[in-house]
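Quick note, the sequences are listed as chains A and B, same order.
Mapping of the first sequence onto my numbering: position 261 corresponds to residue 261, and the numbering continues sequentially without gaps.
Mapping of the second sequence onto my numbering: position 195 corresponds to residue 195, and the numbering continues sequentially without gaps.
Hint data in this document are derived by calculation from the structure and do not stem from the laboratory.
Be aware that a few hints might be false.
In silico lysine-lysine, DSS-like type, Cα no more than 30 Å apart, as pairs [stated by the list, open to error]:
1) Lys397/A with Lys259/B
2) Lys259/B with Lys395/A
3) Lys60/A with Lys307/A
4) Lys397/A with Lys411/A
5) Lys259/B with Lys287/A
6) Lys357/A with Lys155/A
7) Lys320/A with Lys361/A
8) Lys380/A with Lys259/B
9) Lys64/A with Lys317/A
10) Lys276/A with Lys397/A
All figures in this text were calculated on a predicted structure; none of them were measured in a lab.
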Amino acid sequence: MSSASRSVRAIAVCGAAVLAMAGCSSDTGAGGAQSSDTYTWWDPYPQHKKSSEWAERVAKCGDKAGVTIKRTAYDTTALTNQALLAAQEGTSPDLMLLDNPAVSTLADTGMLTTMKEFGLGTSGIDKNLLAAGVVDGKKYGIPVGANTLALYYNKDVLDAAGVDPASVKDWDSLTAALKKVTGAGKKGITFAGIGTEEGSFQFLPWFWGAGADLHDLDSPEAADALKLWTDWRKRGYAPESVINNSQNTTWEEFLTGKFAFAVNGTWQVDSAAKAKFDTGVLQIPGKDGGVAPTPTGGEFITAPVQKDTGRYDVTKKIVKCMTTPEGMVETAKTFAYYIPPTKATQDQLLKEKPRLKPWVKAVRTAKGRTSDNLGTDYPKISEPLWTAVQKALSKSKSPEGALKEAQSTAKDKVG
Amino acid sequence: MRVTTEPVAPAVRAPGGEPPPVAPPPRQRLHRRIRSTQWAGLAFLAPLLAYLLIFYAFPLYRNLELSVHDYTVRAFVLGNAEFTGFANYRDVLTSDTFGLALRNTLLFTFVSIAAQYAIGLALAVFFRANFRLSGVLRAMFLVPWLLPLIVSGSTWAWMLAGDNGIVNAALEAFGIGQINWLTDPDWALTSVITANIWLGIPFNLVILHAGLQNIPDELYEAAALDGANAWQQFWRVTFPLLRPVSAITLLLGLVYTLKVVDVIWIMTTGGPGNVSTTLAVWSYREAFGTGQPDFSPAATVGNLLILMALAFGFVYLQLQRRQHADQEGEQP
Chain A
1 MSSASRSVRA IAVCGAAVLA MAGCSSDTGA GGAQSSDTYT WWDPYPQHKK SSEWAERVAK
61 CGDKAGVTIK RTAYDTTALT NQALLAAQEG TSPDLMLLDN PAVSTLADTG MLTTMKEFGL
121 GTSGIDKNLL AAGVVDGKKY GIPVGANTLA LYYNKDVLDA AGVDPASVKD WDSLTAALKK
181 VTGAGKKGIT FAGIGTEEGS FQFLPWFWGA GADLHDLDSP EAADALKLWT DWRKRGYAPE
241 SVINNSQNTT WEEFLTGKFA FAVNGTWQVD SAAKAKFDTG VLQIPGKDGG VAPTPTGGEF
301 ITAPVQKDTG RYDVTKKIVK CMTTPEGMVE TAKTFAYYIP PTKATQDQLL KEKPRLKPWV
361 KAVRTAKGRT SDNLGTDYPK ISEPLWTAVQ KALSKSKSPE GALKEAQSTA KDKVG
Chain B
1 MRVTTEPVAP AVRAPGGEPP PVAPPPRQRL HRRIRSTQWA GLAFLAPLLA YLLIFYAFPL
61 YRNLELSVHD YTVRAFVLGN AEFTGFANYR DVLTSDTFGL ALRNTLLFTF VSIAAQYAIG
121 LALAVFFRAN FRLSGVLRAM FLVPWLLPLI VSGSTWAWML AGDNGIVNAA LEAFGIGQIN
181 WLTDPDWALT SVITANIWLG IPFNLVILHA GLQNIPDELY EAAALDGANA WQQFWRVTFP
241 LLRPVSAITL LLGLVYTLKV VDVIWIMTTG GPGNVSTTLA VWSYREAFGT GQPDFSPAAT
301 VGNLLILMAL AFGFVYLQLQ RRQHADQEGE QP
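Kindly generate the complete structure, drawing on both the sequences and the hints.
Rendered as structure tokens:
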């Protein structure tokens with residue numbers, strides 16, 4: 001074979017390879033399919049597969065609007081990153097269900113439309129739940145449901161130790177109950193103090209319950225809240241694992257049946273009902289009694305900005321379908337851990353599932369993490385806060401010292 | 001070497017029994033032929049070049065670009081990040097976390113590598129003697145390498161758990177009190193280093209074992225005849241002859257260990273507080289560990305890590321060059 005024909009062949013092969021590569025790279029369309037009868041939908045529920053009730057519900061809303069919905073599920077953090085990338089490329093999905101603290105961050109980039117542009121009202125929705133989606137008075141989404149934290153207790157353990165759950169009304173009575181329980185040879189309370197957002201999420205009820213404000217991490221009230229946790233550690237009322245516990249690990253500890261109390265969320269309701277022991281739920285008490293505000297969890301339905309604004313009409317129909325009163329109750333039931341965001345729908349849900357009553361109450365007193373006008377500053381404050389909690393729990397700093405450091409870090413970051 | 005290969009080369013260039021050209025072909029034709037083969041060469045190179053550009057050069061460039069701009073989430077989407085020069089580097093270098101993270105990175109890297117190398121070498125020498133079941137045993141030492149990190153990381157975390165961990169149960173059985181491996185600031189770094197050492201042993205074992213195969217048996221026989229005991233054989237024969245393999249093992253291990261995130265993240269998320277945060281973990285946390293991605297500082301820390309790895313790479317090249325020079329000098 002002559003070398004000339006060899007080189008011709010080589011070029012042909014390479015050309016084919018290049019074409020193949022180009023072929024691959026042009027086929028990236030995950031989001032932003034511009035076909036007029038397919039609408040894209042992203043949500044953070046990968047646990048709900050294609051055949052699940054949730055997927056069917058989403059599909060049904062598409063059918064009603066006369067289009068097909070292409071649903072893609074990511075986990076919560078991945079969804080935020082994907083959303084940012086898509087916005088950068090101009091390939092945002094038509095609809096996106098966002099974890100509530102992410103709404104203000106993404107709204108700040110200008111990638112979300114306001115509900116006003118869509119002519120969608122938000123009047124019936126509980127203010128405390130809607131707050132996370134409001135930036136500078138503009139509403140960027142509608143909560144599809146909410147959840148929050150409360151105090152699960154193991155009735156068998158409490159009975160054996162002679163503690164009446166109704167006696168837990170403030171921090172002192174809770175600590176007294178823990179003392180009794182540990183005195184009776186059982187374990188006290190478990191919670192999640194891990195060095196991630198979950199750690200801040202779990203600390204906030206105590207932080208707010210002491211009357212502290214996220215603008216002042218080093219206030220005496222904040223120190224009181226942190227001292228409550230470190231005291232529990234010191235006296236052995238809480239295990240050392242709380243420093244590293246995620247909310248899931250916490251729940252597994254509670255399910256062993258050795259713990260009297262666990263801080264956990266609405267999403268464990270079904271699991272609690274299946275536990276081998278009797279469980280109950282208390283709202284997390286404030287320092288001097290009353291109920292502490294707990295942070296809200298849950299997603300907002302949002303509509304990212306599209307180049308083709310003609311698509312908004314159908315998008316609006318889909319949003320409406322998801323947020324009708326019946327739709328909200330259905331969402332709540334599908335997920336089994338969502339409380340709907342309006343009074344009427346909450347009452348409706350309670351009629352069908354009365355055991356959710358403490359959770360409806362908890363959601364009504366709950367507070368968005370990004371509220372108090374924090375918005376996009378919240379993540380910058382949350383990181384120093386969980387770091388301080390970690391330092392104090394692991395005794396590398398005093399509660400006051402750790403919080404003081406956190407405040408100065410947060411101040412630097414917020415600017 | 002050179003002298004022996006040269007006569008072979010023309011034979012390679014004229015395959016298929018083609019008679020050697022009697023007269024040189026016209027100049028122009030030769031020229032064109034070279035050009036067309038050059039094009040073919042380039043075409044063959046093109047996929048590799050494209051690959052290098054897309055997967056190496058671009059990410060590097062992007063990392064640099066991220067680190068000299070102030071990419072807030074907003075700027076990331078709108079693409080209008082403000083150019084800030086070295087402000088991010090200044091912020092990172094003066095941050096409270098930096099000193100601690102640097103110290104942790106150095107401790108983590110050097111203690112891990114030293115222990116992995118020492119244990120890996122000991123095992124490699126041990127397995128050099130082929131005994132019954134040595135193959136099976138050696139294969140078992142590879143298990144840490146084969147396990148997905150999420151599995152081994154979680155298993156370590158489970159074993160080292162404070163109240164109900166199996167390690168503490170053993171310690172308590174011997175009357176030593178409970179140690180909070182993962183949540184005590186004095187122990188967290190030690191724990192993640194221990195887990196990382198375990199993970200890195202197979203890599204060192206495999207490469208060093210392969211290196212040992214290249215040492216001729218005669219040398220050991222000669223050493224034995226000279227009356228060298230096992231210890232002397234190791235220090236006078238094995239260790240010096242293994243030097244090139246050792247150098248590359250250590251360098252690879254270093255680059256590999258500098259950027260470890262997964263083990264630490266799974267076991268302690270860099271905590272409690274920041275006590276087990278390395279530069280790599282810090283970078284990961286800034287970018288993906290909080291609710292708000294902070295790409296610019298993350299890229300800045302990442303670039304510092306690249307610089308560190310690069311510096312050690314140069315040290316390695318320098319050592320290798322000196323070794324070459326030594327060897328050439330030894331030849332008559």
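Right, here's what the structure says about each hint:
With a CA separation close to 28 Å, the supplied pair Lys397/A and Lys259/B stays within the 30 Å bound. Between Lys259/B and Lys395/A the alpha-carbon distance is near 28 Å, which keeps this suggested pair within the 30 Å criterion. Restraint check for Lys60/A and Lys307/A: the C-alpha separation of about 26 Å stays at or below 30 Å, so the hint holds. A distance of roughly 19 Å separates the Cα atoms of Lys397/A and Lys411/A; the hinted pair therefore holds under the 30 Å criterion.
For the suggested pair Lys259/B and Lys287/A, the alpha carbons sit about 44 Å apart, so the restraint of at most 30 Å is broken. Straight-line distance between C-alpha atoms of Lys357/A and Lys155/A comes to about 18 Å, which keeps the hinted pair within the 30 Å bound. Taking the CA atoms of Lys320/A and Lys361/A, the gap is about 26 Å. The hint holds against a cut of 30 Å. Between Lys380/A and Lys259/B the alpha-carbon distance is near 25 Å, which keeps this suggested pair within the 30 Å criterion.
In summary, the hint linking Lys64/A to Lys317/A is supported, as the alpha carbons are separated by about 8 Å, within the 30 Å threshold. At most 30 Å may separate the alpha-carbon atoms for a hinted pair to count; Lys276/A and Lys397/A exceed this at roughly 39 Å.
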